[in-house]
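Each chain, written out:
2 protein chains.
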Amino acid sequence: MTEPAPIRGLWCATLTPLGRDGDVDHARLASHVRLLLAKGVDGVVPFGTTGEGPSFSVAERCEALDALLAANVGPDRLLAATGAAAFTDTLALTRHALESGCPRCLILPPFFWKPLTDEALFRYYASLIDAVGDLRLRVYLYHIPQLSGVPIRPETVARLSTAYPGIIAGVKDSGGDFEHTAELLRRAPQLSILVGHEPHLARLMRAGGAGTICGIANLLPELIAALFEPDATADDETRVRTFLDFVLRYPFVPAFKAIRAAQTGDSAWLAPRPPLSPLTEGERAALLAALRSAGFGIAPETDGL
Amino acid sequence: MTEPAPIRGLWCATLTPLGRDGDVDHARLASHVRLLLAKGVDGVVPFGTTGEGPSFSVAERCEALDALLAANVGPDRLLAATGAAAFTDTLALTRHALESGCPRCLILPPFFWKPLTDEALFRYYASLIDAVGDLRLRVYLYHIPQLSGVPIRPETVARLSTAYPGIIAGVKDSGGDFEHTAELLRRAPQLSILVGHEPHLARLMRAGGAGTICGIANLLPELIAALFEPDATADDETRVRTFLDFVLRYPFVPAFKAIRAAQTGDSAWLAPRPPLSPLTEGERAALLAALRSAGFGIAPETDGL
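Chains as they are written, first to last, in the working numbering: chain F, 1 to 305; chain G, 1 to 305.
Treat the hints loosely; a few may be bogus.
[To be verified] Now the stretches of chain F that chain G is said to cover, found in silico as 3 or more residues with beta-carbon under 8 Å:
hint, segment
1, 119-132
2, 186-198
3, 272-284
[What the hints assert, rightly or not] Residues on chain F that point at chain G, a partial pick, calculated with CB under 10 Å:
hint, residue
4, D23
5, A27
6, S31
7, T49
8, F87
Derived by calculation from the structure, the hints in this document are not laboratory data.
By construction, the Cβ of each residue, glycine as well, lies at the ideal position given by its N, Cα and C atoms.
Can you make the complete structure from the sequences, with help from the hints?
Given below as C-alpha cells:
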C-alpha cells in the first residue's frame, strides 16, 4: 500500500442500487461506478448518506466494497464510508476497509447518543483510531448534523488533527453552513476540506478547499465539474442551485434514484431501502418534467418507465 | 413456544456490564439479572437505551441474549431489544430473538433518517413484520424521540395495531410527555402501554396502563415497586422524582453505572462503551453523597472504590 493521496476534486457519494430482493446489486453498482470514473469523477464513496449507508449491515457494506474491488475499481478511487451507530461496527468496517487496501475512511459520529459533548466525540474518534492501531489509516470526519444529530465542531477537528497528525486527513462538511466550512479552513488548513452542498463548491475552492463529495455527481457530474474550471461563472453555480432546488422538493435519496432510473431507463434504480420509499409515480413525473423543462439532460427515451 | 404473555408490571431496562476489554461481561450481566428477578422485578430488557443497545453490534447482542438464556434466565422474563439503524440488522436481531424462544421484541424506529413521515415509519415496521413472517412475533414499539429523532405517533401505533392485530403488542413510551402516553391509551387500549419515565408510572396505572420498563429498577427496584401498591402515596412518587433529579444532573447511563458500582463495590460496573464516558471521580462522589444524604440506600461500604 503506497501513501494514500489526499481526497481532492470531484468525488461522488454513490447511490446504492438494489436487486428485487432488496439486497445490494453489486454488478449494477460496479457498472455505475465505472461509468462515473469514465466521465471524469475522481473517486467514489460507497455507503455515505446518498448511498443509504446506515441502512445496511456491516456484512452488506463489506461485501459491496469487496465486490467493487473485485470489479477492478482501484482503491485509489475509493473512500470507504465506515461509520455506524455502534463503536464495534465502525471498528469492524474501518478495519475491513484497511485490510482491503482502502485506508481512507469517511466516518460518521455515533448517531444515537445526543447531545454528545465535544469531549465525548473527541474520545470516540481517538478510541477508534487507537483500536484500529494502523498508521496507514486516513480518517475523513463526516459532519452532517441534520441527520447524525451530532455536529463535529471545528475545535474538535483541530484537536483530533493535532492528536493524530496525518491520520486525520480531512472533513466532509455536509452541514450546508458555509461559515462552519470557512472555520474548518481556518482552524485546520492542513486537512482536505470537502463540501457536500454543491452550491458551496466554487466558494470553497476559492478559499483553499479540496473539493466535494456529492450526490449530484451520480447524475450530472459535468454540472459539478464545471464549477472547478478556472472560467466557472455565477451562472454555473446558479445552474447547480436550480437543479438542487427541484430535487429537494422531495426526499433527496428517492429523488436521486428516480432521476438515475430515468437517465438509464432502468427501473431497478427506483427502490431505496426502508425506511425510505420510492417517489410516487406522480412525484416522479413532476420532478422529471420540471428538470427537463429547465433544460437538464435527463434522457427522454426513458419516459415510459 | 406457548403464547407469550403481554408485558405487564415492573420491567428493568438492564445496564450492560463490560469487561476490561470493553466487551459485554456475560457472567456479570447474568448475575445482575438473576438478582433483579430475585428482588421481584418481573422481567428484563437487555440492550435498550439504558443498556446502550445501539452501541453494540448485532453479534454482540445475539451472543449476550444467548448467554442469558444459557444462564437459565427464562424467555418469559425477557423482552429483547432488537432495533438498529439498519433494516437488515433489525431483521437479523428480531429473527434471532424469535429463534431463541424470545418472541417479544422492543423495536426502535430507524434512527438515522429524519424527518421520517408517519407513512414511512408505518411501512418500515410493516416491512419488518412481513419479512420476519412469524405469527409468534410480539412487537413493542419504542417511542424515545429525544434520542431516536423519530417519534412514533399514536395514529401510527393504532394503524399498525389494526394492520397486525396480536403481533403489535405494546408501546414503551419513553418520551416523558404524559399527554402522548394518555393518547396511546385512548387510541390503542388493547395494547400494553408502558412508560420509561418512572414518575409517570402511578398515573399510568390509574389510567389503565400496563407498567414500566425503566432504568431505576437496576438500582432500587423497591422504589418503583412501591408505586404499584394499592396504598402508594404521592410521597412514593416524590421519592422517585427526587432520585431521578439527582441522577439527571449527569448523563444518565454513566450515572446509573456509577451507582451500581457503588452498590456492589464492583468498579467493573463504571465503564460505559464509547461514545459514553464514565463520570469523573468528582462527579461520582458528588452524586453518591447527594443520594446518601437524601436517604437512598447506596451501600456505604463501597465508598473506597
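Now the hints, each set against the structure:
Counting residues of the segment 119-132 of chain F whose beta-carbon sits less than 8 Å from any beta-carbon of chain G gives 7, enough to reach three: the coverage restraint holds. Taking a C-beta to C-beta cut-off of 8 Å, the segment 186-198 of chain F contributes 0 residues in contact with chain G, too few for the three needed, and the coverage statement is violated. With 5 residues carrying a beta carbon less than 8 Å from a beta carbon of chain G, the segment 272-284 of chain F meets the three-residue requirement, and the given coverage holds. A least Cβ separation of about 9 Å between D23 (chain F) and chain G falls short of the 10 Å threshold, and the interface hint therefore holds.
At about 20 Å, the closest approach between the beta carbon of A27 (chain F) and any beta carbon in chain G exceeds 10 Å, and the interface hint on this residue is violated. Interface hint status for S31 (chain F): violated, as the beta-carbon distance to the closest one in chain G is roughly 23 Å, over 10 Å. At its closest, the beta carbon of T49 (chain F) sits 8 Å from a beta carbon of chain G; the interface hint therefore holds under the 10 Å criterion. Annotation: interface hint on F87 (chain F) holds; nearest CB of chain G at approximately 5 Å, less than 10 Å.
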